[in-house]
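Peer 1: Spelled out from the first residue to the last, the chains are:
Protein chains: 2
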Amino acid sequence: MRYQLYYWPSIPGRGEFVRLALEQAGADYDDVARRGRSGIDALMREMANPRNPMLPFAPPYLKAGKRVIGQTANILLFLGARHALAPKDDAGRWWAHQLQLTIADFVGEIHDTHHPLGSSLYYEDQKREAKRYAAQFRAERIPKYFGYFERVLKKNPRGRRWMVGGRLTYVDLSLFQLVRGLEYAFPRAMASAERKYSQLYALAQTVEAQPRIAAYLASARRLPFNNDGIFRHYPELDAPRR
Amino acid sequence: MRYQLYYWPSIPGRGEFVRLALEQAGADYDDVARRGRSGIDALMREMANPRNPMLPFAPPYLKAGKRVIGQTANILLFLGARHALAPKDDAGRWWAHQLQLTIADFVGEIHDTHHPLGSSLYYEDQKREAKRYAAQFRAERIPKYFGYFERVLKKNPRGRRWMVGGRLTYVDLSLFQLVRGLEYAFPRAMASAERKYSQLYALAQTVEAQPRIAAYLASARRLPFNNDGIFRHYPELDAPRR
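Chains A and B supply the protein sequences, listed in that same order.
For any residue, its number in our numbering is found by taking its place in the first sequence, counting from 1, and adding 1152.
For any residue, its number in our numbering is found by taking its place in the second sequence, counting from 1, and adding 1152.
Incorrect hints may have been included.
All copies of an identical chain are treated as equivalent in the list; a pair is satisfied when it fits inside any one copy or across any two copies.
As the list claims (entries may be wrong) - For lysine to aspartate or glutamate, the following EDC-like pairs were computed, each having C-alpha atoms within a straight-line distance of at most 20 angstroms:
id, residue 1, residue 2
1, Lys1306, Glu1346
2, Lys1306, Glu1198
3, Lys1307, Glu1198
4, Lys1307, Glu1261
5, Lys1283, Glu1198
6, Lys1215, Asp1241
7, Lys1283, Asp1390
8, Lys1218, Asp1242
9, Lys1279, Asp1390
10, Lys1218, Asp1241
11, Lys1283, Glu1335
12, Lys1307, Glu1346
13, Lys1215, Asp1242
In case anyone wonders, no lab produced these hints; they're calculated from the structure.
Start from the sequences, fold in the hints, and give me the full structure.
Peer 2: This is the structure in structure tokens:
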């Protein structure tokens, strides 16, 4: 089946977690909005499709035949089961999903580093607040989340290579994106992270070395991080220069 | 099976979405941390249980036999399947979960109305920022989310009585809590909401009238909203007096 992914065309954003799963699965998909103007129109139209009673609240959403599935973690739950990107047993599947929901919470906080007062104001109009938010984010939230993920990796009964069980899952793909995104956004704050979270960084490298992921990252399909997305590099939000 | 729910003992918070599901299911459960000091110790201990490789990131989490399940929406996915609080078919089950994840996003934003700069600062130390956040929240976010839920209700092919399909699901229970919580937090901003979102309000009343929910709400097990939880009533964050 050919999927249609609907997401904003110019940012990696939340859509990237879905793209990574589609790419690792070797799935056939259209990145609809990247067709240009007509693609963005299609994204807006489908979101309000009067024939679809299961309306998504926001992009990303995925069309799989007649089904339209919204919410990043929910899309991954769906793709994980279909493309062996999650354990087959219930306990493993729900554990992977639980981790993905914790990643989603973290992504929300990462977004708030540059928009603590909400998305309706420009960054420039909440820069001072963003600095205060980012300071506690760097000092407390990165260590809290990364410390947690590192602990989970170390406690995996099937070994430290993957987050869940003995095979790659969509959770690993998402954590790779988190690590690289935070390095992009907060290069100074993250300078010592590889030493502190060595298992997590090893995981990111293992993900990057997967043949399909490596090919994807080298392709034009991969959108670079930029300052319109979730991970933004504003030097004033990063740790102070030494 | 008797469940153990682990959540902070003095606030409804995110735990309340789980409590409502347990109560509607007529499930046997301990609200562990409400046993007093020893209960809070148990909550902290279980969260770092060295024998559990599937560590929760934060409360609420639920013990079901040997399994420990974290993340509110994930717990509801689990309980929904076990206690007929979600559709049986895959499409319906995932649609309910998608809606619950959208509720989770909204709950995060509700929390941010009083803590836009993060939870490590007191409200008093971010009151000015909270006022700015709350203004856009009242003007844009409540209409966006409530408008969406109202639309979904109206488009339910099985009728407007429930959000998903033809029976009560955990999504309905959570929306009841959202409506009442926002009324508590923003009484002036919500004064005209019942007129605008009449289906959603009718749903909240239908939920409240369910015999088990009615009994629960009248019991001491139901924690009242208060200013330590997610829904807080700070008059300065509400709409201006007329």
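Peer 1: Each hint should be assessed against the structure and marked as holding or not.
Peer 2: Checked hints:
In the homo-oligomer, the alpha carbons of Lys1306 and Glu1346 lie at most 20 angstroms apart inside one protomer (15 angstroms), although the nearest pairing across protomers, at 50 angstroms, exceeds that limit. Taking the shortest alpha-carbon separations for Lys1306 and Glu1198, only the inter-copy value of 18 angstroms comes in at or below 20 angstroms, while the best intra-copy value is 43 angstroms. For a Cα distance limit of 20 angstroms, the shortest separation of Lys1307 from Glu1198 across copies, 15 angstroms, qualifies, whereas the shortest one inside one copy, 43 angstroms, does not. For a Cα distance limit of 20 angstroms, the shortest separation of Lys1307 from Glu1261 qualifies neither inside one copy, at 25 angstroms, nor across copies, at 32 angstroms.
For the homomeric pair Lys1283 and Glu1198, neither the shortest alpha-carbon distance inside one copy (37 angstroms) nor that between copies (35 angstroms) is at most 20 angstroms. Taking the shortest Cα distances, Lys1215 and Asp1241 sit within 20 angstroms of each other only across copies (18 angstroms), while inside one copy they are farther apart (25 angstroms). Taking the closest pair of Cα atoms, Lys1283 and Asp1390 come within 20 angstroms of each other only inside a single copy of the chain (9 angstroms); across copies the shortest separation is 26 angstroms, beyond that limit. Taking the closest pair of Cα atoms, Lys1218 and Asp1242 come within 20 angstroms of each other only across two copies (14 angstroms); inside a single copy the shortest separation is 26 angstroms, beyond that limit.
Taking the closest pair of Cα atoms, Lys1279 and Asp1390 come within 20 angstroms of each other only inside a single copy of the chain (13 angstroms); across copies the shortest separation is 24 angstroms, beyond that limit. Only between protomers do Lys1218 and Asp1241 lie at most 20 angstroms apart by alpha-carbon distance; the minimum there is 15 angstroms, versus 27 angstroms within a single protomer. Taking the shortest alpha-carbon separations for Lys1283 and Glu1335, only the intra-copy value of 18 angstroms comes in at or below 20 angstroms, while the best inter-copy value is 32 angstroms. For the homomeric pair Lys1307 and Glu1346, the shortest alpha-carbon distance inside one copy (19 angstroms) is at most 20 angstroms, but the shortest distance between copies (49 angstroms) is not.
For the homomeric pair Lys1215 and Asp1242, the shortest alpha-carbon distance between copies (15 angstroms) is at most 20 angstroms, but the shortest distance inside one copy (24 angstroms) is not.
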